[in-house]
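S.K.: The residues making up each chain are set out below.
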Amino acid sequence: MTISSTSAVTVTGVTRRFGPVLALDDVTLEVGHGELVGLLGPNGAGKSTLLSLVSGQRRPDAGQVRLDGRDPRDPRARTALGLTPQETGLPATLRVREVVDFVAGHYPEPVPTDELLDQFGLTDLGRRQTGSLSGGQKRRLAVALSLVGRPRVVLLDEPTTGLDVSGRTALWDAIRQYHASGGTVLLTSHYLEEVQALAERVVVIDRGNVLADDSLQAVLSRVGMRRVQLTDAEGVRREHLVPDSDAFVRDLVTAGTPFRDLEIRGATLEEAFGELVGQGAEQAAGTTHAGVTTNEGALR
Amino acid sequence: MSATTTTPAPAVGASDRPTRPFWALALLHLRYQFLETVRVPVAVLGNLLFPSLSMFFFVVPQRAVAEDPVVATVAVAGLGLFAVCSASLFTYGLGVAEDRQLPFYPFLRSLPTGPGPQMVARVLNGGIFSLFGLVPLVLIGWLFTEATVTPVRLVAGVGTILAVSVPFVLLGMAIGHALSAKAALPVVQVILFPLAFAGGLFLPPQMFPGWLDAISQATPTRAGRDLLVQATTGLEASAVALPVLAGWTVLFAVLAVLAYRRDEGRRFR
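Same order as they appear, the protein sequences are chains A and B. The opening position of the first sequence corresponds to residue 8 in the numbering used here, with each subsequent residue numbered one higher. The opening position of the second sequence corresponds to residue 59 in the numbering used here, with each subsequent residue numbered one higher.
For the record, the hints were derived by calculation from the structure and aren't laboratory data.
Stretch by stretch, here's where chain B covers chain A in the computed footprint (C-beta under 8 Å, at least three residues):
id, region
1, 52 to 65
2, 83 to 89
3, 155 to 164
Far from chain B by the CB rule (all over 10 Å, computed), these chain A residues:
id, residue
4, P27
5, R134
6, S139
7, G143
8, Q144
9, A219
10, V260
Cβ atoms here follow ideal geometry from the backbone N, Cα and C, with glycine treated the same way.
The task is simple: from the sequences and hints, build the whole structure.
M.R.: See below:
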């Protein structure tokens, strides 16, 4: 990666309130150049507020935000920034090419419009007004707009919401390509699968606090849950989330509890995330849910 | 999706990439705003029709006004200025307040530019559409009244009216950035009509009592009207007109910048 004395994004002791609501509570976060970080959290957790501070749209009540070493409220800092507009926010009467030209015109060395349209499969839509695009086409345009200025840091807020599987995969490829060429990505998503597919590092936020900040693997293993499924003596399919599946099975056998069709697999990020925000794991369809149990408890 | 073209710019220390030049950004925003405005033809037509209809209702039927060359010219100038003030306050007061509620607006504020180029573009765009509105007004004045103007004075008048529109565009922007669309509408109305009346845009200020004339002299509308009347008819404006207008322009510019800085888009997450 590029050697630079400053991080791509530095957030130090940042607090932001909206009236009585504490959106961010003394949050500290550092994102180095070339990282691909996933921001996870339920709605209202503070993810969007954090992105709006990093992009200079808002100022923190306390603490400091730096983008590539500068205050993001300084326009010069934002020459290094790319951001997706919300798809519903594209100016409906303007043509695709006009919107790209307009956004590109703000940057010192933009990607030529034709190349960008080509890369995102939008060449044939260049003369269409954005109001007439489908949801998937608008999403592609939105992500294209975030990359037109050759930014060093890209903030992607829900980049593939509402896309079908092929559309999502294509956008993921574009994001991976950008990241592979040295770009820094800070991504929020409702799709845990998306964060799991793209991010190397995961930051979990809830109620304005950072609950976890670690590599994807570490966040998964920190929760360390294994999902054990089995069918018990009454023929009921049971599911247990346990920290140590080996000990669980050993105890199960030692206790002589009858079971069949034993299945063990690692917990998904979704389960880990649910555990972190204290909501318990999602109940899998068609199985009786035992919740997160200790090995002993599961056997009683 | 083909070959990588969206490669990030090379690291050159802490953001040493400068923003683009001010005027390049202002022209970029002007082009964008012009396109947005013309793609909604009703808004453009409204701007063209309003001053023309006012001429037919308030000036052409009054023979005493329409048949006196100087009075008719002053009336055209007054209505022209009212049209420009109204367009500026409504387009910018209400238009900016509405824009701020659109989801594209926070995105615009994340682009590498300060408020300057966008504001300059709004002023220029306001000027362009004010000019469109003046064309039918001048034609009606020429065809249906005795209003006269030499080509030199016409050009001077158009130049003056554009210069005079600047403080009103700035005031509109200050309102638009400070208030929601719902609040901006009544505020604009409450400001516009008293200012237009006190400024002598509807009735000539020669009819005002002394105390009202004194207040009138201090308004930006009166200062603008006097300068415009001087440009189109040669009647000398009062010596305070130019400093009064300049003072308001500076004040409104400061208010517009302050309102922009305070504004953080929608007030909720």
